[in-house]
Amino acid sequence: MSQKILVIADHHDGQLLDATGRAVTCAADIGGDIDVLVLAHDGQAIADEAAKLAGIANVHLVNNAANEHAVAAILAPQIVAFAQNGGYSHVLGPNTTFGKDLMPRVAALADVAMVTDIMAVHGPYEFDRPIYAGNAITTVQAPDAQMLVASVRCASYGAAEKTGSAAVAAATVEAELPTHTRFVGLEQAKSDRPDLQTAPKVISGGRGVGSEENFRIVYDFADKIGAAVGASRAAVDAGYVPNDMQVGQTGKIISPELYMCFGISGAIQHLAGIKDAGTIVAINKDPEAPIFELADIGLVGDLFEIIPALDAAVS
Amino acid sequence: MKILVSVKRAIDYNVRIQVAPDGSGVVKNGVKHSMNPFDEIAVEQAIRWKEDGTATEVVAVAIGDDAVAEQLRTAVAFGCDRAIHVKTDDEVQPLTAARVFKALAERESPDMFLMGKQAIDDDANQTGQMTAAKLNWPQATFASKIELADGKAEVTREIDTGLETLSVDLPAVVTVDLRLNEPRYLKLPNIMKAKKKPIEALAFDELDVAAATPIKTVTTKAPPKRAGGIMVETVDELVAKLKEKSLI
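Protein sequences appear in the order of chains B and U. Residues in the first sequence are numbered from 1 upward in steps of one, following the numbering used here. Residues in the second sequence are numbered from 1001 upward in steps of one, following the numbering used here.
In case anyone wonders, no lab produced these hints; they're calculated from the structure. It is possible that part of the hints are untrue.
[To be verified] Listed below are the simulated DSSO-like cross-link pairs for lysine-lysine, each with C-alpha atoms no more than 30 angstroms apart in a straight line:
| hint | chain 1 | residue 1 | chain 2 | residue 2 |
| --- | --- | --- | --- | --- |
| 1 | U | Lys1216 | U | Lys1028 |
| 2 | U | Lys1245 | B | Lys224 |
| 3 | U | Lys1050 | U | Lys1152 |
| 4 | B | Lys162 | B | Lys4 |
| 5 | B | Lys285 | U | Lys1152 |
| 6 | U | Lys1197 | U | Lys1225 |
| 7 | U | Lys1243 | B | Lys275 |
| 8 | U | Lys1032 | U | Lys1193 |
| 9 | U | Lys1193 | U | Lys1087 |
| 10 | U | Lys1050 | B | Lys224 |
| 11 | B | Lys162 | U | Lys1245 |
| 12 | B | Lys190 | U | Lys1193 |
| 13 | B | Lys285 | U | Lys1241 |
| 14 | B | Lys285 | U | Lys1225 |
| 15 | B | Lys275 | B | Lys201 |
| 16 | U | Lys1050 | U | Lys1002 |
| 17 | B | Lys190 | B | Lys224 |
| 18 | U | Lys1087 | B | Lys275 |
| 19 | U | Lys1243 | B | Lys224 |
| 20 | U | Lys1187 | U | Lys1197 |
| 21 | U | Lys1225 | B | Lys201 |
| 22 | U | Lys1050 | B | Lys275 |
| 23 | U | Lys1243 | B | Lys201 |
| 24 | B | Lys275 | U | Lys1216 |
| 25 | U | Lys1241 | U | Lys1087 |
| 26 | B | Lys201 | U | Lys1087 |
| 27 | U | Lys1050 | U | Lys1221 |
| 28 | U | Lys1050 | U | Lys1087 |
| 29 | U | Lys1245 | B | Lys285 |
| 30 | B | Lys275 | B | Lys285 |
| 31 | U | Lys1245 | U | Lys1032 |
| 32 | U | Lys1002 | U | Lys1087 |
| 33 | U | Lys1221 | B | Lys275 |
| 34 | U | Lys1028 | B | Lys275 |
| 35 | U | Lys1216 | B | Lys4 |
| 36 | U | Lys1032 | U | Lys1216 |
| 37 | U | Lys1002 | B | Lys275 |
| 38 | B | Lys201 | U | Lys1241 |
| 39 | B | Lys275 | U | Lys1152 |
Model the full assembly from the supplied sequences, consistent with the hints where possible.
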C-alpha cells in the first residue's frame, strides 16, 4: 500500500526552518506521496519556500490569525482534522522544540501512539530511535492499522534539496480552537552566528571556560572559522551562556562536520548531543576526561593557551 | 490549589547502561534505579508551592510494578501529602500513561498537573502533551519559570529560539525543564516519616482505563562505535590534521 505522508512545517519569523527539509528527507525514506502543511498567520512566503523542497507533491497553507504563534493547543486540532480528512497514513514533524511540543498532542487527539526521534527507516512502520541518551538504539514497529504520528531526529537527516516546484494550495480546516492558551512574548538571544542546529562547524565551551567574559575567546575563534557556538549544561547552569546554546540529551542534538569542544569533560548527557558529528576535536586539560574516549582528535592542554595558538595558526 | 505530580522510576542517570546481548533491551536487573531527574524537579516545585502557601495539597502519582513504590516514598519524603500507585507489571507507553493520568486528573480535580519534560530512559517526551490533549487542558512544556495569579499560570518555556512565555488557564499540564529549580537533598527524618504516609494502590480497571495499542520493540542494540581517535601533542599537529581533512 502506498503511503500518504504529511510533514508539518516548522517556521519562525516568516522563514521556513531547515528542520522541515530534514523531516521531508525522512519522509522520502518512508516512501509515498509527501505533502507539507504550513499553519501560519500570513504564510504565503513560507509555503512558497516549502514548495521548493524536492520530492514533495503539494504544499497546503492554512492562514489563520490564531496561528500567528506556534501554540500546540491551537495547531494540534487543525492538524488532526486536516490529516484525517486527507486520509494521511503518516504525520511527521521535526524533533525541534516546536515538534516535540506539538506532535504528541496531535497523536493523543487522534488517540494513536507516537514514535519520537526517528533516526532510520526500515519500512513504513518500522524505525530506529535512540533511547537512554543515545546509549542504545531500538528498532520499533508501530501499529500499521492506524495513522502514524512521529517526530524526525533532524541530526540524522540532511535537508531535502530546494530544486522542487510543488503546487501551493490554500486550505481550510474545520476545527474548534481553544482559547485557554495565550502567547505572551518571546525573548530571543540575538546572534549573527550560524544556526547551532544546522551549522557545519560548531565550537563549544564548558565549565572549563570559567566565566561569561572568558567565553569571548570562544566566540572570537568561532567567528574566525565561521562556526556556530554551543555549550555544555555546566556552562549554561553557571550562567556563562544562554540555555538555547546547550548541546546534549536535553538540549540540542547536532551533527556538524566539525565539532570542537573546549573545557568539556564529556558527561553521557552531553555526548548524546554530538555522537553524529563528523569529526570531534576535544581540548581539555584533564587527560582522563571521558570526552577523549569519543574524540577523533584530542589535545591535552590549557584552552587559554591553545585557543590563541589555534587562532594564530589559522590566520 | 491542588497539584498532581507524576513520578517515573528509571535507571539512574549516572549509570552507564548495558545493552542485553540478545537484543531484548537494556540490562535492568541489579542496576540502580531512581526517580527520573525531571520528575524530581517537578516534585520540588510542587513542594516549594506547598511551603509558601500556594499549594494546599500535593499528590504524587506513578504507574508501574511494585518497585515504583520506592519512588513514591521518595516523593512523599520530599513533602507530598499522599501518593497514588497505579499498578501494572506491563511496560507502560506514553499514550497509555496519558489515559491513566487523565482518569486520575478527573478523579482528583487538581489545578495543575506537573510532570517532567521527558523520562531519561525512553526519551519520548510525550506524556505531558498527551495528557493535556486527552483532558483538553492547556499545556506548557519545557518550563523554566512558572508564575501563578488569578487562575492562570504564566510559564516561561525553553525553546530553540530562546525563552517563550505563555499564559494558560488553570487547570493545565506543565512539564518542567532542568533549569526550573535545584531539587533538595532529603533528610533522614523525612524519609522515615514518609514510611507512615498512605500510598493508595489502584488497578487500571478501577480507573476504567485500557492500555493503548503498543509500539512493539523489535530489537535493541548498542550504538555504532566511533572509530578510535588519536591524541596530538601540539596545536600545529592539530591544525595539520584538520587541514588534511579540509575542516579549516
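task = May I ask which of the numbered hints given earlier this structure violates, with the numbers listed in increasing order?
result = Violated hints: 5, 6, 10, 12, 18, 22, 25, 26, 27, 31, 37 and 39; rest satisfied.
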